[in-house]
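Asker: Go ahead and model the full structure; you've got the sequences and the hints to work with.
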Amino acid sequence: MPPTLTDPALEYLLQSAGLTLTDAEKAELKSIHDGLAAMKARVRQKRGRMAEPAHTYGFTPEDLA
Amino acid sequence: MSIPTIAEAAALIAAKKLSPVELTKSCLDRLHATEATLHAFVLPTEDRALADAKAAEAAIMKDGPRGPMHGIPIGLKDIVDTAGIETTCGSKILAGNIPERDAACAAKLASAGTVLMGKLTTHEFADGGPSFDLPKPPAHNPWNPEHFTAGSSSGTGAAVAAGVILCGIGTDTGGSIRGPAALCGISGLKPTYGLVSRAGVAPAAFSLDHIGPMAWTAEDCAIMLQVLAGHDPADPASASQPVPDYRAALTGNLKGVRVGVIRHFHEEDYKVEPAVQAGIDNALAVFGSLGATISDVAVSPMQDWHACGTLISITERAAAYEEWSRTRLGDFSERVQHRLHLGALVSGVDYVQAVRRRRELRCELQAAMRELDVVITAGAPGEAQRLDAIPKLDLFDKPNFTMPFNVTGYPALCVCSGFGPAGLPVSVQIVGKPFQDAMVLRVGDAFEKASSWRSRRPALVA
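In the order they appear, the protein sequences are chains A and B.
End of the first sequence = 66 in the numbering used here, gap-free, step of one.
End of the second sequence = 467 in the numbering used here, gap-free, step of one.
Everything labelled a hint here was simulated from the structure, so no lab data went into it.
From a predicted model like this one, the values you see are computed outputs, not experimental measurements.
Check each hint, because a few of them may be wrong.
Straight line, CA to CA, 25 Å or less: simulated DSS-like cross-link-like pairs of lysine-lysine [to be verified]:
#1 B/Lys97 x A/Lys27
#2 A/Lys41 x B/Lys276
#3 B/Lys397 x B/Lys97
#4 B/Lys67 x B/Lys22
#5 B/Lys22 x B/Lys59
#6 A/Lys41 x B/Lys97
#7 A/Lys27 x B/Lys397
#8 B/Lys403 x A/Lys41
#9 B/Lys260 x B/Lys438
#10 B/Lys397 x A/Lys31
#11 B/Lys276 x B/Lys403
#12 B/Lys276 x B/Lys141
#13 A/Lys31 x B/Lys276
#14 B/Lys403 x A/Lys27
#15 B/Lys67 x B/Lys30
#16 B/Lys141 x B/Lys438
Answerer: Shown next as structure tokens:
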């Protein structure tokens, strides 16, 4: 079960993002929270701390010119 | 005049049997006849088109054509900057925005001598879906105007299918070239990430964004890609790779080509409509008859690819548009507001875990394709839905068939593979290895030339 998105938690996240939402928009966000949590679970694999992300920074020919 | 492909028109123009002005006027006639129904253009540029066509005609009469795009009517998605021409990204926020410079792709097409017919309808900032609370209505599907074109390159899909332009620029962050190509029955290529410069094109999600050609045929996409491809220091993700002759790769046969089928994507992870399945089965039979070998291949479930791409997309978009989210949120359409709200719910750690997952998935596809040249799956799950049936909150219901190849950055092409019971197109998606765009186009072109689907146009313009 994903953690519940409580009203205070949602308020904190929205405030951090600088977003001002109506009550209806907040309810809408809460309604999709489980779907988003399922996606977050899917990208978490047993991989260990050494697993690198994709697209790590590389020097371009222009950097080396 | 019937609607020519770029290849046909270029041959006629080179032989001085077709005038660019005559070709442009026939496209303008179709624009006048269809635009009130299709809403494919945010801003038609009729005067510019006629001026470009006259200039092309004069230059061709004097020195011959610069190349096969010289004198060809095109359109640009309205997130592509155009010097001196309003570029709104389909949004109230950029009303009156007139860029000083062309985007790199617009400049390359202009240098090739193309005729600019106008700026094409897009979902707002290439996001969200069909909205009715924007300055312009969404594009409608020429095969049945009550139905959706898919997006976000919705105007490009509609205008190419209706023959108002012979090709156009699309952009693709999760399928925005291939979705409209699939639902409008045209060809659309998302090139390898980094092959076509994104400089001067509004971002949707930086690491997933691609610019690419949309045209009636894969051959026309090859002709257009030849103009667009190449390194550009102005795009930090631009690759420094040699550009091959894409059209020369179109041999018409598939001898020795190794095709893998990611069958579980369209048969298990998200079971497609019977017409789509029939189109894929038919395509495989055609590939086999042209000399290809076929085998099945398996990767992680499509839901994993979708989750990875969606979390990255939500976060990068929220970062790109953070300032306006904070100051002008109410000026976005309801759909885009909702997408921007989602950014508040994805943490930095969630994002990095998604990018780590991305590397794993890319390695997985790389390994799966080690003994293959291309893999195929569906381009879309079925025929186009009705425009009034597109849900606002659709990100979490079902995965999409195109996002996996934004996650990997591999080239992917959608071509028409038939028609469904409602008379609307269905498609197959052909995916290649990085910078093997020519192979993808070769397979798509061979299939189109061996099947009859390119002979049918929407009744609106047939």
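Asker: Indicate, hint by hint, whether the structure satisfies it.
Answerer: Status of the hints after comparison with the structure:
This hinted pair checks out: lysine 97 of chain B and lysine 27 of chain A have alpha carbons roughly 24 Å apart, not beyond 25 Å. As the CA atoms of lysine 41 of chain A and lysine 276 of chain B are separated by approximately 24 Å, the hinted pair is consistent with the 25 Å bound. The hinted pair formed by lysine 397 of chain B and lysine 97 of chain B meets the criterion: a straight-line CA distance of about 19 Å does not exceed 25 Å. Between lysine 67 of chain B and lysine 22 of chain B the CA atoms are separated by roughly 15 Å; this keeps the pair inside 25 Å, and the hint holds.
Between lysine 22 of chain B and lysine 59 of chain B the CA atoms are separated by roughly 16 Å; this keeps the pair inside 25 Å, and the hint holds. About 33 Å separates the Cα atoms of lysine 41 of chain A and lysine 97 of chain B, which puts this hinted pair outside 25 Å; it is violated. A C-alpha spacing of about 15 Å is found between lysine 27 of chain A and lysine 397 of chain B, which places the hinted pair at or below 25 Å, so the restraint holds. Distance check on the hinted pair: lysine 403 of chain B and lysine 41 of chain A sit about 15 Å apart at the alpha-carbon level, within 25 Å; holds.
Note on lysine 260 of chain B and lysine 438 of chain B: the hinted pairing holds, with a Cα-Cα distance of about 18 Å set against a maximum of 25 Å. As the CA atoms of lysine 397 of chain B and lysine 31 of chain A are separated by approximately 15 Å, the hinted pair is consistent with the 25 Å bound. The suggested pairing of lysine 276 of chain B with lysine 403 of chain B holds, with an alpha-carbon distance near 11 Å, which does not exceed 25 Å. A C-alpha spacing of about 34 Å is found between lysine 276 of chain B and lysine 141 of chain B, which places the hinted pair above 25 Å, so the restraint is violated.
For the given pair, lysine 31 of chain A sits about 29 Å from lysine 276 of chain B by alpha-carbon distance, which is inconsistent with the 25 Å threshold. Between lysine 403 of chain B and lysine 27 of chain A the CA atoms are separated by roughly 23 Å; this keeps the pair inside 25 Å, and the hint holds. For the hint linking lysine 67 of chain B to lysine 30 of chain B, the alpha-carbon distance of about 21 Å falls within 25 Å, and the restraint holds. A threshold of 25 Å between alpha carbons decides the hint, and for lysine 141 of chain B with lysine 438 of chain B the separation of about 38 Å lies outside it, so the pair is violated.
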